[in-house]
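Asker: What follows is the residue order along each chain.
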Amino acid sequence: MNGTIEAPTIEYALLAPLLVVFGAAIVGVLVEAFAPRYLRSAIHLPLTLLSLAGAFALAVWQALKGVPTKPAAMGAVAVDGPALFIWGTILILAFVSVLLIKDEEHFVGSAAAVPGSAEEEQALIERAAHTEVYPLLMFAVGGMLLFPAANDLLVAFVALEVMSLPLYLLCGLARRRRLLSQEAAVKYFLLGAFSSAFFLYGTALLYGFAGSVELARINLALGTVGGQDTLLYIGAALLGVGLLFKIGAAPFQAWKPDVYQGSPTPVTALMASGTLVAAFGALLRVFWVGLGGLDWDWRPVLYGVAILTMVVGAILAITQTDIKRMLAYSSVAHGGFLLIGVIATGHTQAENTSALSGLLFYLVAYGFTTVGAFAVVTMVRDAGGEAWHLSRWAGLGKRSPLLAGVFAFFLLAFAGIPLTSGFFGKYAIFQAAVDNGATPLVIIGVVASAVAAFFYVRVIVLMFFSDPAADGPSVVLPSRGTAAVVGVAALATVVLGVYPQPVLDLAHTAAQSLFVR
Amino acid sequence: MEPAEIIQHSGGAIGAAWLMIALPLVGAAVLLLGGRRTDKFGHLLGVLMAVASFVVAALSFAQLLGFAPGERRRGIELYEFIPGLAKVGLLVDPLSISFCLLITFVGSLIHIYSIGYMAHDPNRRRFFAYLNLFVAAMLLLVLADNYVALFVGWEGVGLASYLLIGFWQHKPSAATAAKKAFIVNRVGDFGLLLGIFTIFATFHTLAFSDVLGNASKASSGTLTAIGLLLLVGACGKSAQLPLQSWLLDAMEGPTPVSALIHAATMVTAGVYLIVRSGPIFQGAETAQLVVTIVGVATLLAGAIIGTAKDDIKKALAGSTMSQIGYMVLAAGVGPVGYAFAIAHLITHGFFKADMFLGAGSVMHAMNDEVDMRKYGALRKVMPLTFWTFLIGYLAIIGFPLLSGYFTKDGIIEVAMEHNAILGWLAVIGAGITGFYMSRLVFMTFFGAKRWEPTAHPHESPAVMTVPLIVLSIGAIVLGWFLIMGNRFMTFLAPAVGAPEEMPAFHPFSVPGLATLALVAIGAAYAWMKYGRAEVPAVAPRGSFLTTFARRDLYGDALNEALFMRPGQWLTRLAVFFDNRGVDGLVNGLAAGIGGTSGRLRRVQTGFVRSYALSIFLGAAVLAGAWLVVGNL
Amino acid sequence: MPWLSTLMGVSVLGALGVTLVRNDKLAKQFTLVVSLIVLALTVAMAVQFSPNGDKFQFAETYDWIPAFGVHYGVAVDGIALVLILLSAILVPIVVLASWHDAEAGKRSVRTYFSLLLVLEAMMIGVFAATDVFLFYVFFEAMLIPMYFMIGSYGGAQRSYAAVKFLLYSLFGGLLMLVAVIALYSIAGKGTFMFPDLVGTIQDVTTQKWLFLGFFIAFAIKAPLWPFHTWLPDAAAQAPAGAAVLLVGVLDKVGTYGMLRFCLELFPDAAKFFTPLVITLSVIGIVYGAIVAIGQTDMKRLIAYTSVSHFGFIAMGVFAMTTSAGAGATLYMVNHGFSTGALFLIAGFLIYRRGSQFIADYGGVQKVAPVLAGTFLVAGLSSLSLPGLSTFVSEFMVLTGTYQRYVVPAVIATVGVILAAIYILWMYQRMMNGPTAESVKSLPDLNAREKWVVAPLVALLLVFGFYPKPLLDVINPAVKDTLSSVSVTDPQPAVPVAQEGQ
Amino acid sequence: MTTHYLVLSALLFAIGGVGVLVRRNAIVVFMCVELMLNACNLAFVTFARQNGNLDGQLIAFFVMIVAAAEVVIGLAIIVTIFRTRRSASVDDASLLKY
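Chains as they are written, first to last, in the numbering used here: chain A, 1 to 517; chain B, 518 to 1149; chain C, 1150 to 1650; chain D, 1651 to 1748.
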């Protein structure tokens, strides 16, 4: 404490992907500020896509260059195997989602205008568009990248907010059904803020316990510090609340259906894929790096949460009548399956590797499929915009067999039918779980997925086995972007379902260099 | 004296014995697959095949006689049927060859007869196809050298019988009768199958040579079990109590069928089975006793039923039952009885076929009227039919020097030796036979005309009468020929064994005379009641006993009460249980989950504050749980 | 030459090809040709199979997913071979039979036939798989094409039936998945290859759990009482062709799995559970038959007869004697032919009259003798009349079972009587008696339909009198299986010196 | 005696939490969330004192910034929905349910 503060060392090379994304976001803001309206989207789109691609390239280069073994930026950010893998995943998914978003059709002309009011008309007439969407999205993505890489709880908190705040806004920007959209935004915002408060308080308590917010230090303290267990336990629990909220685990899943339903579908797609991946990355890091020594305590707790999540997700989805809500509940259920993977992390290197790689693979597989599914949802429209109500999907198989076929394929992947990516995802996680003696959990998971299969199958029945309604929705000719999204997603689902080996290897190597402590 | 060893044989007519089966089989195949194309010559082909296989049988017989008695059991390897379970081969020995001769000879005659009888039936071709099929199956049954092949033939004749009983399938009664026959037979097969399983479990082989040769080594308990199970099979096929009920309904079939299958050949398969499996029964006292009892019971039951039937064919069917009862009785007695059983079987084959065809000829004349009360005084109109029928009649009641006299009395004799009670019961049976057969003859050929106005009886064409004549000749001479000097017993001995000293034939024994007396009485009573007296056009209500007999001793009623109704009830119950119970459980589970979901989703009220509450409580629970777990 | 992969490849390519053909008639002919090619190849392969050679022949093994120890491993032993043969024979027949089925509900004809070919590939794969995981993959994936065939081309209740079928089987499959995973990690061999896994699980309790995992899946598939209720719905709603493949082949995967996996992987557990399984089978035999008697819908009736027959097969498998095992395997094949014939002819009737209720028929024999005749033959094969191949298998199963379990065998034999009742009663109600008005104008079988039925009847007859070719292939495989379960046939009470029997 | 501060912060956090549950007005609900954040800040500072390092105090600043950002976003959202619905009651926004 001699008053001199030495400048922190920052490994810019390691953080390059992050910096690129955030940089692009800021540039985007500047574009909003200075570029003329008619130019903006023309600038934004390439900017966004290129920066995402660039970031991805950098991440790959990083991985090729050899995964570093000590955290960067004074231990604030850990760019290790899993982090890089997750980065790659998120960047691709984000890229794909951008292709969806590019279809401005989804977003309101001027969010400030009251629905049905004159100025909205006006906005529509002059084809106003919220090009802010792009910078917002970039910020969100940046947060997603930072969140799983955050090596201390403060950074984690900041990343959490950076990721969430733009999303809150994006939720409210739907062009159609604006009431729902805005409601979704409010709900997401209030609940998000609420839960992040819990996260923060948990951080505080852990800080009080360990005297530091660095995960590694906390883990160290677990062994040494004594007598303050209550502090520790409550802190860990509240921290857990924040994280579990983001992945939508029961009993913190309530927001998911509402938000997924209300938000513009492309945003939903991003949340359902990117946010989930990021949140799981963070969850793993916190629980594995920060509370690794405490696993005897958190494993049983997560056990319960996982079971609850799978059951609630599967059961509630059965009676849904809104396609997006149904997908939301299905993503809750999948969150439960993923939690099995978290629980399956064990003590030996091998166990962790298998569990971790399984988890990572599942995230990739699920991410692609879910983006694809939502992309299909954007294409099925009638007068009132996207046709969400399932009854409107009746007989789609006759109207446009190809699209219905692809969607059915995605659903089968969700259900985990062999020769789809979903199957291997489930398999990898179940395998790991059985290896680490979590067989009962697996059995419950299996039963849950049997129940879940029901509502996926139900949609297929609607699309193929029942006759189309007279005024049924029409399938819009997809914009090039959307078509590409669906194509990529379908391709990924097939390839990962038939020959998952390469991705598995990738995940394996990523998982081998465990989270750096 | 024990049965002789089986000698593997090849060459000669016996070597080609399989042709006996193959020829009619080919005939059937051609006629069935050929379809309408073969309509023109179908019947001729059928006859040809039957006759051809008779020729083969005769030649084989001749060749067999060429061997010394001890070498008259010839086995012919055919091919491996079920690897590890059974090879298929033929066994040509005195027993099987006698059957072959009977089947092919009577069979051929009936084929010929059918040309005339079925002349006007559009489906005559199919009829001949089925007849050929039957002949083939029946020959396989008797020629098989193991139990599996025997069973194949066994079921084959069952099938043929099913097809032929139901030949006029558009008549519901015929269809039902056919189905009934098959199912009741299946009950018998159930026993036979179990018998075969037991045999295999005991000996790990099903070949007659191995099984029967080593039967003595098996425990008497096992043998009894096998014996009884085989008996069940025999009862089914030979319409013995308690599986007799199908035979009377089987008369729905065309008359030649009744003559060939339900009188001369198929129904005697049970007797064949028992005789063939002799060594097993000889090792099982109890089984033998049961066999004899069944025989006697059936012979009485059949006779009683015969007394009350007005349907000429049913009356004859009753007598068939009863006559087979005699055979079974004899077969149950053991080696002494075997010869008589088979001899009676053969003679019966002749005279009963003769009478059935005669009845057919009558029906043919009276445009398919079967009610004897509408007959009468036909002897003038159709003399040939009458005389041949008369011979058959005299043969069956055992009129001295006709074949029935020798064979049936022979059976009564041995039965008497074996067990007096059974013997006397058999005698009584003979008496009743005398009554009901006379009744039948008087009602049909004597007395006043009671014809329907539309009826214009006439003698049948030669193609039908010639077989009658041939058969009646057989009915006259065969008995004497077979029994005198124990000719048949000695011939059969190598196949089935024989008692040490041959029984001498003495015509004037007490039972013999008693039989004659009773038969005479029965005939006389019949004369008074149906010959002299007027026969009412409609049957009088009659005493309880009469109804008892008319209703087939309530056999059907019993089956219905015991099996059919409970069965139907059980079926309904099972179906209900399956839909409501098993399937209900499955659907109920699904519905349950759905319901839970429906209720649970109400928790999602849509109020953000309730969500916040769930988070809040969730956090509390989480922390609590963690504390609990942590402090464990 | 990689026979098995070729077989599957041809079918898959064919399936793709069909979707490309623009005109329906062409598509049908194309499908027929493809399926015939597959049949020819299969026969060519079968001819080269040497019964007393190594257990598994035509083996191909490549790594598929090393991370999971999963291989693409295919090969056949006698058991698998005959079942593949069965599938290859049935498919062309079904194609020919369902020539017009798909046109009923203005749905894509081409899709139907390409699904057929996809299904064929998977059927071959599931029997040929020597890698447990691969087996599982096919086991589950097979459901999908069948699901669509029932759901899109079936009768009035089709979607209910299809969903029930899919979920029921899926549930079983998922339980099996757990067992598969556990098998892998407990065996700890790092591979899913079946031969390497045999005998790795020693602990009996573990065996029991894993056995149950596999067995329930197979019992649902087979289906065994009380898991059977999906079958009548599915079979009754499916188009005749699909029903044939469903009951004739797909369900065999269940019994095949019992014989191949339940027995060889978990011998001790298998022995432990034998009483249970035998009981279930016997119940199934009698129960299925009785319920069949009470049916008013002919397709449901046939389905229930199959429940009864599957009881026989399962009993034969678990009786663990050579003749019972071989009989059960042979039964799988014969049952395919006989039920196939029944379903197809019933299908022809329904196509003509437009109703599958027995009560709507009567006296058909008079107007359509050939149809009635073939139907009778098929029926007789279903009641296993000697001279038809089904008899041989049923006889072997019962004889074999009787050697070890007398009482069950006796009860099972009652099924012989019941079979006569349900078949003949149905036949009488439909074909005999005065001809019903509604069927007065019913045409008899046309040439195409005759070509459908003829091969089946021929096969039933030929193997009825000369089953040796099949049994020579099956017997060694079964003996091998039983020896790996280490059971030996019971000895006769009276040993007979016999030559070669 | 830092315990009191901790108790206070716990109290504030609890009050904030309960406030979120009981108040209808979106603005107030949001304020309660802010209150919770500040409770956290108090805790951080206290612990910083307790542990004798500055991290806590540092974090408090971060939190303030984040909170500020949150306010910006939050108010924006709340105002839009208020303008649409003419009501700031969170209970009115309950179209999305079940």
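I should point out that these hints are in silico values taken from the structure, not numbers from a laboratory. Being a predicted model, the structure only gives us computed values, none of them experimental. Cβ atoms here follow ideal geometry from the backbone N, Cα and C, with glycine treated the same way. Possibly wrong hints are sitting among the right ones.
In silico contact screen, one side only, chain B against chain D (beta carbon under 8 Å); selected entries [what the hints assert, rightly or not]:
1) Phe916
2) Arg1118
3) Arg1119
4) Thr1122
5) Gly1123
6) Val1125
7) Arg1126
8) Ala1129
9) Leu1130
10) Ser1131
11) Phe1133
Some chain A residues flagged as far from chain C (calculated, every beta-carbon gap over 10 Å) [stated by the list, open to error]:
12) Thr4
13) Leu45
14) Glu132
15) Arg458
16) Ala469
Restraint-style ranges between C-beta atoms, simulated for each label pair [said to hold, decoys possible]:
17) Ser690(B) to Asp1593(C): 32 to 42 Å
18) Gly1101(B) to Val1347(C): 57 to 67 Å
19) Pro468(A) to Asp1173(C): 13 to 23 Å
20) Val1555(C) to Phe1094(B): 37 to 47 Å
21) Asp1593(C) to Ser736(B): 51 to 61 Å
22) Gln1700(D) to Ile26(A): 53 to 63 Å
23) Arg480(A) to Gln1178(C): 37 to 47 Å
24) Pro1200(C) to Arg1068(B): 40 to 50 Å
25) Arg480(A) to Thr1354(C): 58 to 68 Å
Asker: Hint by hint, say whether it matches the structure.
Answerer: Here is what the structure says about each hint:
1. Phe916: violated (98 Å)
2. Arg1118: This interface hint holds because 5 Å falls under the 8 Å limit.
3. Arg1119: Nearest chain D Cβ about 7 Å off; hint holds.
4. Thr1122: holds (6 Å)
5. Gly1123: This interface hint holds because 3 Å falls under the 8 Å limit.
6. Val1125: holds (5 Å)
7. Arg1126: Interface hint status for Arg1126(B): holds (6 Å vs cutoff 8 Å).
8. Ala1129: Given a least distance of 5 Å, the restraint on Ala1129(B) holds.
9. Leu1130: holds (5 Å)
10. Ser1131: With a minimum Cβ separation of about 10 Å from chain D (threshold 8 Å), the hint on Ser1131(B) is violated.
11. Phe1133: Nearest chain D Cβ about 6 Å off; hint holds.
12. Thr4: The claim stands: Thr4(A) keeps its Cβ more than 10 Å from every Cβ of chain C (closest is about 52 Å).
13. Leu45: holds (36 Å)
14. Glu132: holds (43 Å)
15. Arg458: violated (7 Å)
16. Ala469: Ala469(A) clear of chain C: closest Cβ-Cβ about 16 Å, beyond 10 Å.
17. Ser690(B) to Asp1593(C): 32 to 42 Å: violated (26 Å)
18. Gly1101(B) to Val1347(C): 57 to 67 Å: Distance hint for Gly1101(B), Val1347(C) is violated at roughly 41 Å.
19. Pro468(A) to Asp1173(C): 13 to 23 Å: holds (21 Å)
20. Val1555(C) to Phe1094(B): 37 to 47 Å: At 28 Å between Cβs, range violated.
21. Asp1593(C) to Ser736(B): 51 to 61 Å: With a Cβ separation near 57 Å, Asp1593(C) and Ser736(B) satisfy 51 to 61 Å, so the hint holds.
22. Gln1700(D) to Ile26(A): 53 to 63 Å: Once the Cβ atoms are compared, 38 Å apart, the range 53 to 63 Å for Ile26(A) and Gln1700(D) is violated.
23. Arg480(A) to Gln1178(C): 37 to 47 Å: Check passed, 39 Å falls within 37 to 47 Å.
24. Pro1200(C) to Arg1068(B): 40 to 50 Å: Distance hint for Pro1200(C), Arg1068(B) is violated at roughly 59 Å.
25. Arg480(A) to Thr1354(C): 58 to 68 Å: holds (59 Å)
Hints 1, 10, 15, 17, 18, 20, 22 and 24 from the earlier list are contradicted by this structure; the remaining hints agree with it.
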